[in-house]
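Undergrad: Residues per chain, in single letters:
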Amino acid sequence: MLKKTIYSIIVAGALLLQGCEGFLEETPSGSLPADEAITSVTDLNNAVNGVYTGMIDFDLGLGDFTEPYSYYGGDFIAYADLKGGDLDYTSSNNHISPMARFEHSPESNYSEQFWQMPYTLTGRVNDIFSVIDGIEVEDDEQEQFNDLKGQLYALRALFHFDAARLFAKLPTLADMDAANSGIPLSKEKYHVDFEPTRSTLRETYDFIKEDLNAALGLLSEETNLGHINYWAAKGLLARVHLYLGENNEALAAAQEVIDDSPYSLYAIDEYLNVWGVEGAAELMFEVLTNAAHNSQRNSIGYYTHSGGYGECAFSTQGYELLTADANDIRSQLIEWEEDETDTKGYYTQKYPGRNGSLYQNNPAVIRLSEVYLIAAEASVKGGTASQGKSAEWYINQLRQNRISGYSDVATVTLDDVLTERRKELVAEGHRCWDAWRNGKSIYSPRMNREIDGNYGRAILPIPKRERDISPGLTQNPDY
Amino acid sequence: MKKLLLLSLFLCTSVFFANAQTKQITGTVTSKSDGSPIPGVSVVVSGTSTGTITDVDGNFSLRVPENETLLFSFVGMKTVEVPITESALYNVAMEQDVIGMDEVLVVAYGTSKRSSFTGSAQKVGAEELVGTSTSESIDKMLSGKVSGVRVSSTTGAPGASGEVQIRGVGSINASTTPLYVIDGVPMEIGMYGYTGFSTDLLSTLNPEDVESMTILKDAAAASLYGSRAANGVVLITTKKGKSGKTQFKFKATYGTSETAMKNVYQPMSAEQYVDYVNDALIGAYLFWYEPGLYPDDPGYQDAEVLERALQYVQEDPDEGKWGITSPSANTNWRDVVYKKGNTMDYQFSASGGNDKTTFYTGVGYNKIEGIVIGSDFERYSGRINLDHKATDWLNFSLKQMLSHTSQNGYGDQTDQVQGINHMAPLGMIFSMNPTQPVYNEDGTPNQDAGMGNVKNPLTALIGTGERTDQTYILERYRSLTNASVRMQLIPEFAIRSNFGVDYSDSKTRVWWAPESVDGEAYNGLGDHLTYTTVVKNASFIGDFNKSFGKHNIQVFGGYEAEGLTYRTLQANAENYSTYKLPELANGQALAVDSEVASSNLMSFIGNMNYNFADKYYASASIRSDGSSRLGANNRWGNFWSASAAWRITQEEFMGESSWLNDLKIRASFGTNGTLPVDYFAHSGLYTFSSGYGSESAIYTIQPDNPDLSWEKSDNFNVGLDLRVFDKLTASVEYYHKKTRDLLMLVPLTYLTGFETSWQNLGELTNKGLEFEVHSNNIVTSDFRWTTDFNLTTISSVIDKLPAGKDVLKGDGGMYLLREGEAINTFYLPTYAGVDPDNGMPLFYLDPENSDELTYLRELAKPEIQGKPTPDLIGGMTNTFVWKGLELSFLLTYQMGGSLFDYPGYFFHHDGVRLGSMNLAKDVENNWWKKPGDIVDNPRPVAWTSDRPDRWSSRHVLSTDHIRLKDIYLGYSLPKSVVSKMHMSNLKVFVNGNNIWTLAKEDTIEPEVTLNGYRTVDTPITKNFLFGINVEF
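Chains as they are written, first to last, in full-length UniProt numbering: chain Z, 1 to 479; chain Y, 1 to 1032.
Hints listed in this document are in silico derivations from the structure and should not be mistaken for laboratory results.
Since we're looking at a predicted model, the values are computed, not measured.
From the three backbone atoms N, C-alpha and C, an ideal C-beta is built for every residue, glycine too.
Where hints are given, some of them may not hold.
What the hints assert, rightly or not - Here are some of the chain Z residues that sit facing chain Y, going by a computed Cβ distance under 8 Å:
no.	residue
1	4
2	7
3	46
4	50
5	290
6	470
7	479
Claimed, not checked - In silico DSSO-like cross-links for lysine-lysine, where the CA-CA straight-line distance does not exceed 30 Å:
no.	chain 1	residue 1	chain 2	residue 2
8	Y	389	Z	3
9	Z	464	Y	546
10	Z	4	Y	242
11	Y	800	Z	464
12	Z	3	Y	546
What the hints assert, rightly or not - Some chain Z residues well away from chain Y (every beta-carbon gap over 10 Å; in silico):
no.	residue
13	133
14	325
15	406
Let the hints inform the model, and build the full structure from the sequences given.
TA: Structure below.
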């Protein structure tokens, strides 16, 4: 009997070897859960990089190649210029060119992907925020930690600002307090069954400003290639104030950047050579591209060349505006390209590509010229700030660096500032909003008429798939 | 010393026997049916260990005590009891046991007598498997033999697996394959190979080693396997030795194979092709230059325009590129790509043992040369099964299988990739120009025969060390180890333990030589992929058995743990400096990749069987499973079953019926589950492979869902078994399986940061009737005719989807998931045939609402076009035995299902693919040529952008068919002859499978996988085999 007992113990005991602690906890070899993925400041840095790379990587880096799309890498930049009418497509490749025809419906990929991009990346930000308090921060890492946290706030603000411009009316054209006038706010990590609803436009912009101000309290003032620093966030805040018609605040923020930041305007003799250069003097925030991470055929460089899709050439009005003054160095940043007969046309040379690849162009999210133009616009609209200067001063400063033999002007109008914006910021994703938020219209060569910001298709429809998931999401009028 | 001890023991025993009242008896055991002697019958004095085994001639002699009973038993025969009288001669004739109610079934974690089993399970014995000639993989052998089981193949490539479904389609997104359990240990199956090169771990198993398979169908039978049982369970039991004389068996088989249906994938002849091209170019002129195809075209039925079109074609705008000049050859490239395959199979086994130790050893060699040139499959396998009884209370066994398989093949398309691969053999048949000869005049393969960039199959498919080689080689090692021990601690209580290790190592080597079609872009590509899987399983079970009067109770409970780990390693190289050396070192390194993942399962099981006087039966089971694949909130799940049976014939009020031998009704209810396919579907995950600038970047790619749970199925089963006139057993069953909490990829608001997540939503129901009959139609002393028949009805309907919304899935949204409709319903525009006036195709514009027609497919709305799951499947086997001669054949049938003919879409291209693809033979003389023609295919229009060829009801074809699945003719030499040759059995046989098929559509292979998608693959084969079986 003893023998039987001993054997029994051996037989049964062998099993216990398997049933040890954590037997049912398994993780994959190529990925980790959030709380294990981000445990140090280095991890946090990589996670913040993961938000940035989504801004330029093809399909947000998700490897879903069914409907290619890109955010700052190409599609989002092209959107405002194609709708603005200064750029136009040559070919019938139909990747981003339908925007020039205001061709989008709730079922179309455009509305879905322009929704998907900012919100997916906001989701990434919120996912990091959900574990950020669990990170072990050494004393000497506190500054970096704060900076990274600040970047996350600034990015979340930027994504909401973009989504608001795409899916909601511009603040100056709308009743800010009307129900559902804004966009859904993505404030935290959500459960998979979350159903968002729209906020008011005021809540939307308050949230954007709140996040930017939170960021400014944390961000470093050092230049940080490919990352948002204090100055970039300040410049973005200036832009947001300008959109809101808060001219005093816009001017104050812009002036601070102009006075104190380490950036300087491009000079005439360097203007043709700063494109395609990382860390050029004006670049406050550029998104980094390289051979491995870019938007491939949906990249802005591929859109703006005849050898690519050729979907962002100059329209006649755009070409004429830019080339009106032969002394303006910006007129020389245009080339006739004819790599393919069906894509021939005049193209901007802002995206020449690096390492021989049109895919590798770092899109500028904000650069110093724009800050001058923000200051000028805020000033011309009557904005004042303690260090603020006149609109003429800002415009003259900029033009001196653009036009050979330029003589300062004594007065500028709002139209002068807006024209200057068209010239300086063409193909950088601003045009239609700059006109519309000022109550102006643009001429669309493809629609063959003037279009103002109250036109229904000036904004995108809420994608049908989002409204299927969240019936409480109100659709935009005219869709 | 030991010897001395044994000797004294022996002496004592002898003395003991000498003192008892014993006597010597002799006898012969013969078969009641044919009078032939039966060797190996166990003859035992009831209740003792005294006994012997009959010799080759069926004779035995034994010293026995008086007033006892002799028990004669033999597998497959009814046990005979004979009281020992004064006689010294005991000749016994044994009767075949006809799938009796009392066969022993291997069931979940044990065995059960058929009569007392309350669930739904069916056994397929080795003898039923033997008659099948597809010796590469056991799953294919089940075809047509078991009700409720559907077996199908994606491809006829050697080494590829079949697809087994038990009782319909259990899931939309999770697994639909049953669990395989070998000798009590779950066994890993699956591809573990290179995408685009079909293979399955199942083919590592030598079917010859299998003693029986049991298919567990309902909850009562399968719920003990809990979270993996929802699609049924296949229990495999390997062979065991029997004590007695060592038995040697040798079997050799040789055979040939060809496509099962000769009309499948036949290309158009050269002459017809030239004609077709001509018409397609006329069409092209009328489409592109002077529109005149459609009634509202300006040039419609305008003789002058047509004249100019003819002129255009006469001028030969493309310089004979399309073979418009008279054909110089008429090549059927199908005959080049497909050849006669052949099969070789050699099996040798020895088994035997003594009272304490029995063994089975078997070695096998199997080689199949596929019908596609250059493809083959080879398996070496060995098995040792050892059982030892150490003491009267301690048994243990060790089973070990080792096998090596290798497979040479080609890139195939079983994974439903978009488009047609010009290197897939089937793609090649149609990408070759039929007007071109196979060889040049100097005898070398004609490399200009392809349309577009296609090489001559003679050089592309065969790995001959050429610069155009494109080869796929898989080598696989597998080891299955199973050790078990059982201790009978007291008569009522025993404990047992089982340990299994399942190891497989699969190495795929892909070689695209620098000048091969796909290799050119890389200047040679070598790609090596290794998959290693290790599954460790351990279980510990306690058994309790007790009878109190007429109450019999059997209880067991235990614990089981299983861990699976797979590891991959992939490396590839490009830019080879020579085509002669395919190893990676001879190219430039391209990429490396590796991955490791584990999935673990921990379980507690319990089972109780109760029976009262072999009349009333009740069973209950429970299993609690914890899985690493599930979210923390739902990691553990309980699965249970309850069942009962009533053997009415045991009731006294039934009396002794002259015709009704047995009648049993049974019912069961219980739950099963299915785990997510993805090991980590519940976990929020960050990917680490990205970068930003020069730094690393990580980001979240999957949301966490701690609530993720199993798919659960509620199974109800009611059945009736009966046996009448001592010759016919029948059973009828009704099953109803409702699957809840289906794992669905549910769209999320992008505010979560994700597009979709796996959630438990959706319901579907599978239900049907199963009907089986086994009949001994005629049994005389030298003739026997038996029939086995089965029929199953299947209905797989979706009950609930996320938010009740239709889901379109599959390629181009061709499948509809809709509440109330069958799973994977085809959803495509309806083709209304060809307009006889002008030859243009017609489609219903809005078929659900009107009869209006349109010429343009893109305007036509889709409607439901049938479903892949058949309504009815089944099979019938008839066996005739006359003396040593045996003839049996199995017919299988299937009705009410459809398939989507993806290859047919390419081969009925209506001119769209002119110049890159030939057409199917059924288009010959079956396309529109002149007004009034009533034909199936429209007027061809080269490169038309209207795309009439795009998917429509034209590509949905019926899978109804009857097939002679197996036919077997064997002859066993008379025992008298054989014994002179010192053998116990010598049998020669011929065997065929898929010999004959009667199909509604004879141009497509109707046995298709559960989604009904006919991929661009090699069709299954028919085989003719000759073999010899020797036992001594």
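Undergrad: Now look at each hint and say whether the structure bears it out.
TA: Hints and how they fare:
| no. | hint | verdict |
| --- | --- | --- |
| 1 | 4 | holds, 5 Å |
| 2 | 7 | holds, 6 Å |
| 3 | 46 | holds, 5 Å |
| 4 | 50 | holds, 3 Å |
| 5 | 290 | holds, 7 Å |
| 6 | 470 | holds, 6 Å |
| 7 | 479 | violated, 18 Å |
| 8 | Y/389 / Z/3 | holds, 16 Å |
| 9 | Z/464 / Y/546 | violated, 66 Å |
| 10 | Z/4 / Y/242 | holds, 27 Å |
| 11 | Y/800 / Z/464 | holds, 22 Å |
| 12 | Z/3 / Y/546 | holds, 24 Å |
| 13 | 133 | holds, 17 Å |
| 14 | 325 | holds, 37 Å |
| 15 | 406 | holds, 37 Å |
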